[in-house]
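Let the sequences and hints guide you as you build the complete structure.
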Amino acid sequence: MEQFRQIGEVLGSLKALMVLQDDIQINRRQCCLLLNIYTLAFKTIAEEMKQNLKLEEKNTKWKPLEGSLKELHRVFKEGELYVRRCLDSKDWWAKVVSLHQNNDSIEFHIHNLLTYFPVVIEAIETAGEISGLDQGEMQKKRVILSKKYDRSWNDSELFQLRFGKQYLVSREICSQLENAMKEDRWLLVEAIKEKLKSGLLTKNKQRLGDILQKKLNGQQLINGKLPSSSILLGAEDYQVRRRIGGGSKYKEIQWLGESFVLRHFFEDFEPLSTEISTLLSLSHPNILQYLCGFYDEEKKECFLVMELMSKDLYAYMKENSSSRRQVLFHLPIVVDIMLQVARGMEFLHARKIYVGDLNPTNIFLKPRKSTEGYFHVKISGFGLNSVENHSSQHTPLNQNALDPCIWYAPEVLAEKEKIGSSCIRKYSEKADVYSFGMLCFELLTGKLAFEDGHLQGEQMTKNIRAGERPLFPSLSPKYLVNLTKKCWHNEPSCRPSFSSICRVLRYVKKFLAMNPSNGQPVMQSPPLDYYELEAGFLKKHATGEMKCGVTQIPFQMFVYTVSEKEKTSLGIRFKHTETASEGDENISVVEDPVDTRSVGPDVKTVYFDVKSTCTDDTESKTPCDLRSVRSEPLEKKIMLRKKTNNVKLRKTSGKAKAPTAVKASPQNSPSHNWRVMASPLSPKKQALGREKS
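Numbering follows UniProt numbering, with no gaps: position 100 of the sequence shown is 100.
Quick caveat, the hints were computed from the structure, so don't treat them as lab data. Treat the hints with caution; some may be incorrect.
Lysine to any residue pairs mimicking SDA-like chemistry, simulated, CA-CA at most 20 Å apart [to be verified]: (1) LYS205 / LYS249; (2) LYS195 / LEU99; (3) LYS485 / TYR531; (4) LYS225 / ARG207; (5) LYS197 / ASN179; (6) LYS430 / ALA535; (7) LYS567 / GLN524; (8) LYS205 / LYS182; (9) LYS249 / GLY381.
Note that this is a predicted model, so its numbers are computed, not measured.
This is the structure in structure tokens:
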């Protein structure tokens, strides 16, 4: 309850800020959208809690909600800080340069909200199943929830129609998400026009305003060229603060009242025009943003302005690793960093852009103000392959502190050895996935791969190509170790895509939110390997790779949940079967406490599906799954007879006489009105049964 109250406080603060929404000149529509969707999320949670939970049980049965609501509170807080930044009118031109790409709100805050919101809904349902003292009411809740997680809803359009409002992805909200960025772009163009008409701007700012206005209208280059570098270098407040990396072409500059990174190099522009135009058009919260570019025709000098981050992952690991510190990042933070890197790579790969040098020096971190320990993560090192690569300019690499071969996939190393190190390597999607696997190892262990020395030296490349990989500590979480090993598989075709990796990591975040460690050194492991759920997802949704927008996240997590419930119940059923077979041969009782979906034809015992998702609607035209045992209405009493096991289960009535009866365990619900009848056998049949046994 305390976490829910804190979310309400943040929402109240956000509503107070949005009283002045007319003063927001940058991304106003997105700020309004954040307020609307946060308000809807808060109301939906309140309604779900009111329907499923009881206030007097908040200190006992509401425990599953604590972790998920805590994460949701962090999402709300980050959204509030974003609105505060948009409201701040100081250094307006710098904010236009930084935020005119628009995607910080839509792609970052909405993604985080839609990732954690299904977790909150499921946590409320989990707490609701044990809420209250009426066993009959609790059983009805279980039946209702079992029908909610029917595999027939595993269609994105059906899911949106049935659960879109509950999961914040109704058609109305999706339309708002699509239109908010377009409207903000138009409003920003109008605001720049007003500034230009005012006549109060300096010559440089007028030229900058013209450039930004054309860029917002889709013109990355003007007449096929970048604007003159005098716009940047001639600005009154332009200043170079420091060089980044030993002898590199990256500099930290002060411009328009804020700090940026300047990528400065000498090249003929014509061969690079298409690539630079592409870089300036890319916009995603998990890639390092190219904001604008300038060029000097006479000197063949190019200046690309980029956003400034705090430090790269390698520098952070080097500064914070020590023999006393066993864990560099807490596990939820590790998974969060892994997911952000995977999302950035998913965005780049969807546009056929491959990094090639995905290593710790190209992963940049910036601490989040809302939550201690968490970071905003961005990927660099992509684009302009013909220009000297960013990663090679970092001091650690120049001092031979790191061997870049550590992150190269076996096929890249083979090509390098065959063609020569001077040749530009052919980058690929699967090679980036391999490099990501190595990054995951470093995040999970807090140390670089192979730094223990068991693969150092001239034989490293040969051993990596032969399948040698770094060794995980014994306490590493198995479900993340398995995912990492799939990423660095020796065979490229066996490595997953980044879309698959994102789905798996989102579900891992859900598991961690619903099962907080509470200071325990060893965290609980999920009942399944979530990569198995992803394999099932890809079989059922062949086009799932193409649908990677944020509005698809609740549906994807829902499909994972359905599959997890099916696989978990299947394992429980067979476990119960083995237990029952060890008992009385004449009595076989199996009750499924969770959803029981399928029964193989070779199974000797008939099971009653307590939470079957097959409905009793005779008018339904949906074909029933033949592998599932159809459950009858709960008010009926049924007996089933199994001759091979000498078990009969019959439908009982008020007048029927039951010989020897054993009632099913009422621990789940008294509405389980079932009787297992031991069949009276004749002496002849009993003797025949003993001979067969």
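Hint-by-hint comparison with the structure:
no., hint, in the structure
1, LYS205 / LYS249, "violated (26 Å)"
2, LYS195 / LEU99, "holds (17 Å)"
3, LYS485 / TYR531, "holds (11 Å)"
4, LYS225 / ARG207, "holds (15 Å)"
5, LYS197 / ASN179, "violated (27 Å)"
6, LYS430 / ALA535, "holds (17 Å)"
7, LYS567 / GLN524, "holds (19 Å)"
8, LYS205 / LYS182, "violated (24 Å)"
9, LYS249 / GLY381, "holds (13 Å)"
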